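A.B. asks: Listed below, chain by chain, are the residues.
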Amino acid sequence: MDDINAIAGREGEVFVVELTQFSGPLDLLLSLIRDEQIDIQDIPVARIAEQFLKRISTLALDEAADYLEMAARLVRIKAQMLLPRREGDEAWEDPRAELVRRLLEYQQVREVVDILERRSDDRRNRFARAFLPQNLSSPAPQAAALSLSLPELFAAVDRVLRVARKPTIHDVVPRALDVDGAIATVRAVLQMREHARWADVIQPDAEPWQVLSTLLALLELAKRGELRVQQSRPFATVEITSETASEAA
Amino acid sequence: MKPLAKLLEAALFSSAHPVALSDLKAMVNDPEVKPDEVTEALNELRHHYDDDEHGVELIEVAGGWQILTRPEYTETIERAQLAARPQRLSAAALETLAIIAYRQPIGRAEIEEIRGVGCGPILKSLHERELIEVVGRGEGMGRPLLYGTTPSFLEQFALRHLGELPRADELAVALRDPNASAGGQANGQTEQIRELADVTTR
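If you're matching them up, the sequences are chains A and B in order. Each step along the first sequence adds one to the number in my numbering, with nothing skipped, and position 134 is 134. Each step along the second sequence adds one to the number in my numbering, with nothing skipped, and position 198 is 198.
Don't take each hint at face value.
[As the list claims (entries may be wrong)] Cβ-Cβ distance ranges computed for the label pairs, FRET-style: (1) B:E128 <-> A:H170: 43 to 49 angstroms; (2) A:R175 <-> B:E128: 51 to 57 angstroms; (3) A:V157 <-> B:H54: 53 to 59 angstroms.
Since the hints were made in silico from the structure, they are not lab data. Note that the structure is predicted; figures quoted are calculated from it, not measured. From the three backbone atoms N, C-alpha and C, an ideal C-beta is built for every residue, glycine too.
Taking the hints into account, I'd like the entire structure generated from these sequences.
C.D. replies: Take a look at the structure:
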């Protein structure tokens with residue numbers, strides 16, 4: 001959405017949702033109060049809470065925790081205002097007092113922001129000697145001219161090449177898996193008996209490619225519905241059951 | 001111009017940042033020159049720039065003196081890409097900076113309490129722009145880092161010193177003592193409500 005600048009933090013650990021229009025829930029609240037021309041000391045909490053909720057949902061901001069926290073606070077104050085007050089209840093304090101204090105404090109901050117903004121605009125419009133804005137990377141330092149003769153360069157290259165070892169190159173021989181062969185083996189074993197174990201379909205000294213072939217064969221046959229593979233717990237032996245056998249049983 | 005004013009002009013021209021008066025005096029290092037004479041010479045230089053309508057002017061900022069270009073030439077210079085204005089700070093960053101400027105030393109939790117939003121990434125970028133620095137550690141839980149503004153903050157906001165910002169009680173929205181004003185208001189309203197309650201029960 002255009003209203004929202006969602007910027008993932010540089011380390012990807014913080015996620016900042018910032019409205020270009022509002023710098024926070026207090027800012028939004030103040031703008032509502034201004035729009036409605038309400039006395040800040042006497043906020044109709046029910047109305048403002050409703051408007052606040054409406055605003056944050058139309059702005060698709062409801063996922064922003066800070067705004068939600070303020071919404072929850074407003075709803076709580078609204079509930080507190082509704083509580084019946086007994087006569088002579090000394091301890092009663094306006095539940096809005098804390099919110100009013102925070103709003104006034106925030107307004108004060110906004111006022112200082114205006115002052116700072118004017119000041120910084122004034123300064124931005126004047127350049128100092130060789131003033132480099134900090135967000136621009138400084139130009140690369142001028143490279144000093146190399147004082148080097150051609151024979152010196154050759155000698156250096158020679159030195160580097162002599163030290164460098166010859167790269168060892170490995171030949172990777174593709175060893176195709178024999179899944180079809182493994183399928184035949186598994187089928188043959190299951191024809192002899194209905195239940196088998198992993199150890200029955202693979203030789204103890206099998207090579208990795210044979211283990212992989214057998215595993216793929218088992219999975220393939222299980223997919224085709226010829227057998228069922230079970231394992232009671234991780235790393236336990238694999239129980240293979242012929243599917244025709246289980247149907248008969 | 002007097003020789004002293006010319007020397008100061010050369011010194012200020014050679015520096016990219018404001019030069020403190022004490023540093024200028026140390027540079028002059030002449031027992032014949034009285035301390036006041038340096039200030040006088042600086043004023044002479046300033047008037048010289050103003051009276052002869054130079055393209056630069058002498059400004060007192062961040063506890064020192066600096067030669068800056070006049071604002072009327074900024075756009076032309078920038079268009080020619082000879083210099084660029086630094087980026088504006090976001091409203092959120094300015095709010096955070098305003099709070100730190102007035103309440104320093106201040107911890108992150110307190111800033112977030114006032115703003116009502118998390119400030120972690122903003123504090124980081126203000127720190128990167130050298131506008132704030134860690135000035136100590138608080139007493140509370142986890143001994144939180146406390147932040148304060150830097151000399152660079154004064155420089156970038158054209159302030160001679162922090163005292164140039166209006167005092168908190170001079171702001172339009174006066175908030176003298178947070179507890180006193182909130183408590184007093186609440187009590188006043190409590191009185192009113194209690195009277196109303198009395199009337200209705202009678």
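A.B. asks: Each of the hints needs a verdict: does it hold here or not?
C.D. replies: Do the hints match the structure? See the list:
1. B:E128 <-> A:H170: 43 to 49 angstroms: 46 angstroms, holds
2. A:R175 <-> B:E128: 51 to 57 angstroms: 54 angstroms, holds
3. A:V157 <-> B:H54: 53 to 59 angstroms: 56 angstroms, holds
In this structure, every one of the numbered hints holds.
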